[in-house]
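K.L.:
Protein chains in written order, with numbering that gives the first Met the number 0: chain A, 0 to 250; chain B, 0 to 339.
A hint or two may mislead.
[What the hints assert, rightly or not] Taking lysine-lysine and the BS3-like style, the derived pairs with C-alpha atoms no more than 25 Å apart in a straight line are:
1. B:K169 - B:K112
2. B:K112 - A:K15
3. B:K193 - A:K15
4. A:K15 - B:K186
Worth flagging that the hints you see were computed from the coordinates, not collected in a lab.
A quick note: this is a predicted structure, and the numbers were derived from the prediction, not measured.
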Amino acid sequence: MNTQMKQVFSRPDSLKDVQTHFCPGCQHGTIHRLVAEAMDHFAIKDKTIGIASVGCSVFLYDYFDIDVIEAPHGRAPAVATGAKRVHPERVVFAYQGDGDLAAIGTSEIIHAANRGEQLTIIFVNNTTYGMTGGQMAPTTLPGQVTSTSPTGRDVASQGYPMKMAELIGSLDGCSYSARVAVDSPKHVIQAAKAMRKAFEVQINGAGFAFLEVLSTCPTNWGMSPLAANKRVGEEMIPYFPLGTYKDNSAV
Amino acid sequence: MGALEAGCRYYFGYPITPQSDVPEYIARHLPALGGQFIQAESEIASINMLLGAAACGARAMTSSSSPGISLKQEGISYMAGSECPGLIVNVCRSGPGLGGIDASQADYFQAVKGGGHGGYHIIVLAPDSVQEMYDLAMLAFDLSDRYRIPAMLLADAVIGQMKEGLVAHKYVPPADLAEKTWALTEKCNSGKRKVVKSLRLGDGEMEAHNNNLHARYAEMAQREVRYEGLHLDDAELVLTAFGSCARIAKTALRLAREQGMKVGMLRPVTLFPFPAAPLREHCATARKVLCFELNNGQMVDDVRLALPDKEVAFYGRAPGAGSLPTPEEFLAQIRTHYEA
């Protein structure tokens, strides 16, 4: 009987067999896995270039078995643009957090999308600056307590959370924009499908693909992993609705 | 033109006076060569596109002018840290802030002392003519590729905008220029993974990297210094000047020689590495050195560091009201210091 057993689950080929530095309950690990599964699905790891951004995700060069260029804070879409223009036959993705993409890097992401660069952007939104210790992010929810909004985010003086999937999807140059979460098996399955789509758009030369993934940061939220996971469904998804905001990819 | 002849096929830039002639020329000519021109959303994006292209092994460039070069400093520091070669052209403006658009050499310090954070240097070349702008663009790429250090052409509104005769010639790559085995290649990467990065957190890793960079600066100071010498054999007074300022100084030098003054001149072509050793050698018997600049005194610091035992005088000004110093103005300074 053993000879007929089939292995149905393993570490994706595109991920190195190493431990990550991520905190318990952090969903970067899950999202890394989805990126790796998508690369495995299309068998593109040997031709993929990852752009590492500044934040908890900077160490992706230690985790993915691919070529990587590390970008300055917020500039990943510009670095990715330079790389893709030089090597158009390679698959280029950038993996950015919310401080990186939606604060210091808003100009770079909007203009890369608007030019319709053939890129895949993975945007991890956990409503805080993780690496620097939990400061207020552009995506921090109204009333959310962080180390730089100690009485909660006051929208009257600190503005509103940025809804990047909607914003990027509104640009004519963007071919695909969606928001997913990884807080439940159902959402993970949906996220895996969207992740494949975000790569497929680029592989087919169909344009700029943007995938926002809602994620947890239990350490900086001051929550247990389970409570943090619950917060995604109860607080984040109502403000950041899941769904596809743009799909002109015709793939 | 020199950059394109040297095989530069990617340009990323943003408009700013007085350098907009550069992107305008390249936008017309690069696509026909199979290259790509991107007018980016900012100088910040431009320099980061350059970083991405450079990491992929391409010869690529950006250009800007002083305020724009300030914006690029973050990316230049990252390029220096991640050892990405590339060409940055600064057609310098005058003064801090938005400043003026007169010919000025106000950015000498920023260019040769690193400019951004982290204690690095870049290669800085100072053309004094349209011909040198062409020739040094090629040299800049060669040096930048050889040492994996970004290179800058430091020019000003005179060099950047004047019309002058140019003898175009074919670019010949140095025979010993190594292949960029460190760069991300065109095709699939089935071998060793390549990572181009500047974050170095391992114990001792950062120190070792800095020492390695500084060893390369020292090697360049030995091997790559370039300068022009005029009448240095019998000079009692040696002039130093770079770029367009050196053109004015050359005329003043000719006038001084016509009047019987034993004056010579050393024009640094490489500002980093600075020609300190040749300067020491050629000034050994001179009584005095006079440094001319189109600013309030920047390169003169490096001249004084090179010549601790010499009297080094300075005359310079950042042009105002569109007026450059005249050769006669420099000549009067030469006479004063020659006779003193």
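K.L.:
Now look at each hint and say whether the structure bears it out.
P.N.:
Hints and how they fare:
| no. | hint | result |
| --- | --- | --- |
| 1 | B:K169 - B:K112 | violated (33 Å) |
| 2 | B:K112 - A:K15 | violated (40 Å) |
| 3 | B:K193 - A:K15 | holds (14 Å) |
| 4 | A:K15 - B:K186 | holds (21 Å) |
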